[in-house]
Amino acid sequence: LIFRELEQSVEEALRALPESQRLVLHLRHTEGLEFEEIMKIMGMSLPAVKSLIFRARESLREKLSGYLSESK
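Quick note: the sequence shown, position 72, residue 1437 per our numbering, numbers continuous.
Bear in mind the hints are in silico, worked out from the structure with no lab data behind them.
All C-beta atoms, glycine included, are put in the ideal place defined by N, C-alpha and C.
Please note that the accuracy of each hint is not assured.
[Unchecked claim] Computed beta-carbon distance windows for the label pairs: (1) 1408 with 1371: 30 to 38 angstroms; (2) 1430 with 1383: 33 to 41 angstroms; (3) 1371 with 1407: 38 to 46 angstroms; (4) 1411 with 1367: 33 to 41 angstroms; (5) 1376 with 1420: 12 to 20 angstroms; (6) 1384 with 1410: 15 to 23 angstroms; (7) 1412 with 1370: 34 to 42 angstroms.
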């Protein structure tokens, strides 16, 4: 039950991200692409790609902070 709630919360948090942030996370973590490959796909500079990933992770961390603090 707790796992299902966490899974739903993660899905909701991902859906709440801007599309560009969702895409870079998908390319990096699901597809396993390197930054250079993501840059080419998205037509962005390296700093822009890294910034999107950082902001996406921070947003997810904020939205899921309740679960993160419970797991410690």
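Do the hints match the structure? See the list:
1. 1408 with 1371: 30 to 38 angstroms: 34 angstroms, holds
2. 1430 with 1383: 33 to 41 angstroms: Given range 33 to 41 angstroms: violated, Cβ gap about 20 angstroms.
3. 1371 with 1407: 38 to 46 angstroms: Taking Cβ atoms as reference, residue 1371 and residue 1407 lie about 29 angstroms apart, which means the hint is violated.
4. 1411 with 1367: 33 to 41 angstroms: 38 angstroms, holds
5. 1376 with 1420: 12 to 20 angstroms: 19 angstroms Cβ-Cβ, so the 12 to 20 angstroms window holds.
6. 1384 with 1410: 15 to 23 angstroms: 18 angstroms, holds
7. 1412 with 1370: 34 to 42 angstroms: Since residue 1412 and residue 1370 have Cβ atoms about 36 angstroms apart, the given range 34 to 42 angstroms holds.
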